[in-house]
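**Student:** These are the residues of each chain, in order.
Number of protein chains: 2
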Amino acid sequence: MQRRTFIKEAGITSVGLGVFGSLFSENRYTEAGLSVNGKRIESRIFELTKFGIDEKGRGYRVAYTKGDIEGRAWFMELMKKAGLDPTIDAAGNIIGKRKGKNSSLKPIGFGSHIDMVPDGGNYDGTLGSIAALEVIEILNENNVVTDHPLELIIFANEEGGTFGSKAMTEGLTKEGLQQKSQSGPTHAEGIRAIGGDPDNIQACMRSKGSFHAWVELHIEQGGILEKEKIQIGVVEGIVGIVHWEVTVEGFSNHAGATPMNLRQDALLAASKFVVAVNEVVTSVKGTQVGTVGKLAVQPGAYNVIPGKVVLGLELRDLSAEKIEMLFREIEKRATAIAAETKTKFSFSRQPNESKPALTDKKLQQVINTNAKALGFSTKFMQSGAGHDSQHMASIAPSAMIFIPSVGGISHSPKEFSTATDMNNGANVLLKTILSLDKG
Amino acid sequence: MQRRTFIKEAGITSVGLGVFGSLFSENRYTEAGLSVNGKRIESRIFELTKFGIDEKGRGYRVAYTKGDIEGRAWFMELMKKAGLDPTIDAAGNIIGKRKGKNSSLKPIGFGSHIDMVPDGGNYDGTLGSIAALEVIEILNENNVVTDHPLELIIFANEEGGTFGSKAMTEGLTKEGLQQKSQSGPTHAEGIRAIGGDPDNIQACMRSKGSFHAWVELHIEQGGILEKEKIQIGVVEGIVGIVHWEVTVEGFSNHAGATPMNLRQDALLAASKFVVAVNEVVTSVKGTQVGTVGKLAVQPGAYNVIPGKVVLGLELRDLSAEKIEMLFREIEKRATAIAAETKTKFSFSRQPNESKPALTDKKLQQVINTNAKALGFSTKFMQSGAGHDSQHMASIAPSAMIFIPSVGGISHSPKEFSTATDMNNGANVLLKTILSLDKG
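As given, the protein sequences belong to chains C and D, one line each in that order. Numbering follows numbering that gives the first Met the number 0, in which position 288 of the first sequence is assigned residue number 287; successive positions increment by one, without gaps. Numbering follows numbering that gives the first Met the number 0, in which position 198 of the second sequence is assigned residue number 197; successive positions increment by one, without gaps.
No wet-lab data here; the hints were simulated from the structure. Keep in mind that a hint or two might mislead.
Same chains, same label: a pair holds when it works inside one copy or across any pair of copies.
Unchecked claim - List of simulated lysine-lysine pairs, PhoX-like, C-alpha gap at most 25 Å:
| hint | residue 1 | residue 2 |
| --- | --- | --- |
| 1 | 284 | 173 |
| 2 | 100 | 228 |
| 3 | 341 | 284 |
| 4 | 413 | 341 |
| 5 | 55 | 173 |
| 6 | 96 | 79 |
| 7 | 361 | 341 |
| 8 | 341 | 228 |
With the sequences and hints as input, model every part of the structure.
**Tutor:** Have a look at this one:
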């Protein structure tokens with residue numbers, strides 16, 4: 000209890016914490032109070048890599064596969080040992096509850112996901128999941144009971160389109176459930192395979208206001224924190240994403256017999272467009288990104304002037320208005336390129352767009368204050384990647400904590416974060432949960 | 000004979016010809032002498048389209064197919080009727096000989112090909128073949144016997160890589176014969192199917208100096224003559240062609256989490272390269288062309304920054320030195336783009352390059368003089384497309400006559416040349432053969 004009393008104070012000032020902190024000499028306590036067991040986090044990250052390896056030795060813990068099912072079983076076993084009594088909701092999300100002192104208070108939720116992209120890395124989602132369990136275990140080991148109930152949530156199939164968190168918040172459609180998942184089965188079949196109940200999918204939905212707060216620790220997946228030597232990223236929001244399929248029509252003709260000035264080269268026009276997208280996106284201040292990630296040329300031969308190009312344009316930003324503004328500018332550039340190259344551009348906006356999701360400003364401050372109190376440098380930043388937290392933000396005050404990704408590499412076996420950074424992030428998560436409990 | 004006497008004079012001046020021309024009032028004679036039957040040419044062009052139609056109704060007289068074999072049989076039947084007694088050489092080339100008055104003189108060769116690209120047009124090769132036969136028939140009908148023997152040659156498999164003319168001049172390798180042709184069988188199998196003898200392929204070779212001259216009438220396949228309202232193109236040469244496979248290596252990463260300034264986007268670099276190729280090729284005076292006709296992106300998804308692009312670069316010009324100069328300039332631009340985009344370019348020169356082939360300057364003048372004498376506007380120009388004549392140029396003084404292609408379209412069902420232009424071209428061919436006979 001003394002320790003808990005100490006933690007109550009911990010949120011106030013870092014100076015005060017420094018004084019109290021000196022009372023504890025054990026390794027697991029920082030000056031600021033309770034501290035996670037970084038070695039345990041690291042060893043569990045590597046234990047989890049054993050589940051889901053394909054015939055080529057690559058990570059393949061893709062949602063609904065054998066590796067995913069085995070990894071989930073392993074994780075639930077750890078949850079049981081930590082006294083969480085995990086259950087699986089209708090969407091396949093794993094939920095472990097820990098009672099608080101006041102059962103009338105709303106639960107504080109935290110967690111992430113353990114599924115991965117094909118040939119993915121060992122930290123994306125995994126860190127947030129294992130650190131969330133670590134928070135529970137540290138509370139257990141120190142006999143800390145929070146006022147609020149706690150909920151550790153491991154979302155199902157994040158990489159397939161944040162399926163579990165979408166099911167819990169906005170809900171899934173029957174059509175969506177019947178679509179094929181990345182690993183082969185339909186989502187309905189996959190959800191059943193991991194213990195969910197697709198026929199009763201609405202049962203997993205949580206209403207707006209049903210959580211006191213939601214917090215997710217995650218690797219950055221970009222290179223900003225590493226490049227700027229910042230230890231903790233305070234996520235201001237998760238960007239909106241819009242995709243357009245862009246078709247460029249020129250005229251296919253003989254590459255030998257058609258002089259340069261008589262060409263209507265769809266690839267030349269598309270190339271000017273790719274360059275223009277980059278120019279437009281980088282011409283405005285901010286953290287927006289724009290990508291042409293795919294491009295197909297028809298007919299596609301050395302000696303034929305391309306008649307048609309179909310390419311994929313993606314824009315992401317925290318502001319939906321900025322995405323629209325950038326797109327209008329890109330359209331203008333396309334019109335000019337079309338006139339210059341005697342081609343035609345058409346844009347087909349794709350139905351899968353996701354709206355920007357802002358995190359809670361008060362929660363951002365709680366994270367920032369706690370990180371600073373632990374002596375970490377911080378940066379307010381956006382998440383360019385999608386996360387389960389973007390759905391949770393629609394029903395709860397939500398926040399995300401980022402730690403650096405070495406080389407900014409993600410969705411790759413080269414994905415890596417240091418044990419120190421993981422330990423830092425988990426400590427910020429722990430302190431944030433405790434602050435929110437008292438906030 | 001009177002008519003022949005007249006023709007003897009015809010090459011001298013167009014003024015003189017005008018005077019003599021008025022002696023003949025029949026439709027088939029122009030003021031300048033003998034004239035082809037344009038209606039017969041036109042009707043035969045359309046008769047030939049009946050051979051080689053695929054299940055979708057598209058032209059498919061691809062070398063070695065049923066359509067090719069049937070079209071060849073139809074053509075040989077016409078040759079027989081014209082007294083040519085056609086034979087098939089070891090490469091499958093159809094050769095029809097017409098005796099001259101002086102058997103010790105070298106033959107004058109003319110002709111083209113009747114095979115087509117898949118879904119191709121009705122004029123490429125066909126016009127030159129049917130017009131060559133027309134020349135024979137007009138001579139027959141007017142009892143004209145040339146001094147030189149004449150050889151009408153229909154080359155086999157032009158569209159598959161000028162196979163027949165290559166076999167006749169530089170020869171084919173055993174390896175080349177064993178490669179698959181466009182329509183499926185190996186070239187050896189295909190040559191056998193059209194009546195050739197691949198086991199004895201050298202038998203078709205003709206030595207240097209074995210022809211007095213070689214002349215080919217062809218559609219331009221580009222849009223220059225139509226655009227400049229020129230009736231006859233005098234071909235100065237057939238361009239050399241060099242292909243490079245260009246690999247651009249960047250770094251594939253998350254399109255959401257990777258800021259614009261930390262990217263190594265292979266497609267952005269490749270796009271700048273495509274624009275640079277166009278700038279370099281159009282920055283120099285001349286008729287050179289440069290094309291990026293194919294481009295493949297890896298991994299190729301909306302939300303992944305392209306890590307690798309492989310593209311095809313083609314340069315064509317009448318001067319091999321100019322091709323090298325342009326390539327050096329393009330390489331320089333690639334080096335700058337690589338530095339700017341943090342990517343790497345590598346170039347693999349492809350083994351299938353073809354050297355520029357110049358036509359004979361005296362023959363160019365004969366064609367130009369005859370075309371002018373017929374009242375046609377002319378332009379000295381290069382052929383951007385490859386032709387059998389490029390191989391014939393290595394063993395004989397060679398020339399090509401071009402007529403306009405409507406819209407500059409070729410290798411397409413939309414390929415079209417007017418009956419008037421075909422008639423003009425065939426008359427220039429006829430007059431050129433007769434001039435060469437006396438030259």
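**Student:** Would you mind marking each hint as holding or not holding in the structure?
**Tutor:** Evaluated hints:
{"no.": "1", "hint": "284 x 173", "verdict": "neither (42 Å within a copy, 63 Å between copies)"}
{"no.": "2", "hint": "100 x 228", "verdict": "neither (40 Å within a copy, 93 Å between copies)"}
{"no.": "3", "hint": "341 x 284", "verdict": "between (32 Å within a copy, 22 Å between copies)"}
{"no.": "4", "hint": "413 x 341", "verdict": "between (44 Å within a copy, 19 Å between copies)"}
{"no.": "5", "hint": "55 x 173", "verdict": "neither (35 Å within a copy, 40 Å between copies)"}
{"no.": "6", "hint": "96 x 79", "verdict": "within (11 Å within a copy, 95 Å between copies)"}
{"no.": "7", "hint": "361 x 341", "verdict": "neither (53 Å within a copy, 40 Å between copies)"}
{"no.": "8", "hint": "341 x 228", "verdict": "between (48 Å within a copy, 21 Å between copies)"}
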